[in-house]
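In case you want the letters, here they are:
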Amino acid sequence: MDPIPYRRETPGTQPPALWPDYRSTVLRSPRKPLIALPHSLSEVTGPIFGHDRLQPNDADLTSQHKERPIGDRMIVAGRVIDENERPVAGTLVEIWQANSAGRYFHPRDSRDAPLDSNFTGGGRTITDEEGRYRFITVKPGYYPWGNHPNAWRPAHIHFSVFGPSFVTRLICQMYFEDDPMLRYDPIYMSVPSDAGRKQLLAKFDYELTVPGFGLGYRFDIVLRGRNATPPEADHAH
Amino acid sequence: MRSMPFGGSYVPETPSQTAGPYVHIGLIPKQAGFDIFENNFGGDIAGPRVPGERITIKGRVFDGAGLATRDVLVETWQANAAGRYNHSADRQQGALDKSFRGWARTGTDFATGVYTIRTIKPGAVIGRKGRKRMAPHINFWIASRGINIGLATRMYFADEEAANAADPVLNIIEQPERRKTLIAPRSERDGNVTYTFDIYLQGERETVFFDA
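Line by line, the protein sequences give chains A and B.
Okay, so the first sequence: first residue is 1 according to this note's numbering, each after it adds one.
Okay, so the second sequence: first residue is 1001 according to this note's numbering, each after it adds one.
So that you can see chain B by itself, here it is in the shape it has in the complex (with noise of 0.2 Å):
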């Protein structure tokens, strides 16, 4: 028990520990090589009614040598194309997709290193003080063998200039070389879209990541 600075006492969070090398057993047993769960969640989370535009999210996770990693898990949440959170938290009007949680699990894949998303473009959330809408983005987790405490990153789209430049959180980053780590660039292919969003662990390019 800890006293708390407004009075009071509180237990602290459980302490976090590594999710190993082999998280994939108990999240993604499907890449362990076995199904023993009759519904598995993934990577591919809109249905073909949820609204929104359809894009695919493609990285590697990069570790301090410059190798990508081949062992992490992902885990990504956002609202949907009306930038609404499928949670009783956000109590904006209007369009709640209950078909749509928002929330998708993979891992980098064994043999590329890839970790692939499917899923639909978010609307920008209402921000702060309930005015200033945050530009669109994904919240990423990742955890793995290395890793003692998941880390928290945002991605945001690269054709989102406009909102980008105004969004309350890339502008807490002072300096503006390292808010680029967070923005993923768009290419388009057989009408097929995909962002990009690489993640380095530590180095030059080392990924903004959030005390969350």
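In isolation and in its complexed conformation, chain A is listed as follows (with noise of 0.2 Å):
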């Protein structure tokens, strides 16, 4: 028996691989038309980590130096689910982000901008058997990038989730919604469609928010999941 495939990009929802107005893709993408491959044990396998190597500090920022650091604590939490709509248990989540002036901790970030040295903006954690994840974290800032005059990236987060396989590898950014910033970022806006721009976009949750410590923002990931029946025949490559 073949593994059961996992479904293929869905046509018009993910950004293309060269976006102009986003200017480091223009020598970064591939020219070449991908070649589709059909799934084999090597695609339909991927790493499995296990909390052994992970600290409870890993998944809270604002505990990982010696003080608190400065900004708007605040917890964002959410689920990873799959295209089907079932739960991605046990992946592995990363994130990572700018502090609340928005400056990375980063060799590479030498912008005028305070550091603040209780924040390195690094976090991980393991979903739960729902799928569940939870951070805390700062809101970080905003900071301006040389993409164009005038070239500022909405507050976001990075996120960095496996899933079960190779091919559900995803890398994405969260924002806020109403980030007056959204429209003028060339990142956010590379996904073609107004649905899959809002999938992306972290939600205030008043349930999540903790009562004399922080804000709660809620941010659902969905990855690729497997194809229904029936199964997809040779030719369909």
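Some hints here could point you the wrong way.
To be verified - Here are the simulated lysine to aspartate or glutamate pairs, DMTMM-like style, with alpha carbons at most 25 Å apart:
1. B:Lys-1180 / B:Asp-1211
2. A:Lys-66 / B:Glu-1174
3. B:Lys-1030 / A:Asp-58
4. A:Lys-32 / B:Asp-1211
5. A:Lys-198 / A:Asp-220
6. A:Lys-32 / B:Asp-1097
7. B:Lys-1098 / A:Asp-60
8. B:Lys-1132 / A:Asp-52
9. B:Lys-1098 / A:Asp-128
10. B:Lys-1098 / A:Asp-52
11. B:Lys-1030 / A:Asp-21
12. A:Lys-66 / B:Glu-1206
13. A:Lys-139 / A:Asp-52
14. B:Lys-1030 / A:Asp-60
15. A:Lys-32 / B:Glu-1038
16. B:Lys-1098 / B:Asp-1063
17. A:Lys-198 / A:Asp-21
18. B:Lys-1129 / B:Asp-1090
19. B:Lys-1030 / B:Asp-1090
20. B:Lys-1132 / B:Glu-1174
21. A:Lys-32 / B:Asp-1198
22. B:Lys-1030 / A:Glu-129
23. B:Lys-1098 / A:Glu-129
24. B:Lys-1030 / A:Asp-179
25. B:Lys-1132 / B:Asp-1109
26. B:Lys-1129 / A:Asp-178
27. B:Lys-1180 / B:Asp-1159
28. B:Lys-1030 / A:Asp-220
29. A:Lys-32 / B:Glu-1174
30. B:Lys-1030 / A:Glu-9
31. B:Lys-1180 / B:Asp-1063
32. A:Lys-203 / A:Asp-179
33. A:Lys-139 / A:Glu-85
34. A:Lys-66 / A:Glu-85
35. A:Lys-203 / A:Asp-128
36. A:Lys-139 / B:Asp-1097
37. A:Lys-203 / A:Asp-58
38. B:Lys-1129 / A:Asp-2
39. A:Lys-32 / B:Glu-1204
40. A:Lys-32 / B:Asp-1063
Hints listed in this document are in silico derivations from the structure and should not be mistaken for laboratory results.
With the hints as a guide, bring both chains together as one complex.
Given below as structure tokens:
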């Protein structure tokens, strides 16, 4: 029996590789068509991570250093599900972000904005049986970048998720609804549909908000799901 | 929600976004210059007791201007020396070594652009239809600034000439010239085996990337 393949990308849902408004894609986008690969064991398997390598503080970006970082403390939580709306349990979720002043703790970010020695901006966790994850962090600031005159990134958090196989691997960015910078951002706007862009927006969530501690934001992530029957035929590729 | 060709509906995958230039903070923090996690994932993945031939993979990732990039995340996924993946979907009999996860992560170096992975050479993996084995290969996935959707490719081994010639995936690639972009030459020095796998994002030598 061949492994059950994963569904292919739904046309019109993912950003194109070449998106000249985002200048860095011009020299980094492949120009030849991708070659469709029928799914073998190499594609439907992928790395499995246990809890053994993680520490509790890995998911709390506000307690990784001596003191608390400066900024609006917040909870970011949600579920990782697949396209068939099944929970993706036990999968590694990693995040990284700028500090509340919009500066990354990174040797290549030399912007004139303060670093916070209590905030390095990286975190990771593993989803529970229902696909749920939860991070504590501070709200990232805006920052300017050199893509075009007066370019500013909207506030965002980078997410990296694995899922059960090599083909479910995903890196995306979480934004905040009602952010006025979104429509000017070529990275966000590279997503071709309104529905797709909405999938990248975290929503304020009163239920996730912890009294006296911080506001809650909900961000769910959808990974590729398995195809329904009938199984794909050889000639489909 | 989209309607499915076979009835029902599904929610499409969340859109991919570039990993940006600061990917190291979240995924390879040591390269960003700090060390907050007790255990880091890395590019040196075969412990002393893992069976198999020790190999080093080195390479660079070139952009369309021919420059070696210095901010690309490189991840690899492979079977063990017996050709078995450490994953429940691989139901082959025999030699599963739980101590070998089979997954590596590193980045192209800020100064040299070179990435380095230390691992073991995988065995031939069972192919589709359950009969024909695929030539030994390592699955690659790269992401960075300027890459909107992570790119998937495979590295094959130049010393596996007969297996490569029969490989069902290499043979999907129509032009034989392009197959060569996936085959890494082998070199030996002082008993150390190195495969060189350079990736070209664009240009005449553009690497074959897969819609996987």
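(request) Output the numbers, in ascending order, of every earlier hint that fails for this structure. (result) 2, 6, 7, 8, 11, 12, 13, 15, 16, 19, 22, 24, 25, 26, 28, 30, 33, 34, 36
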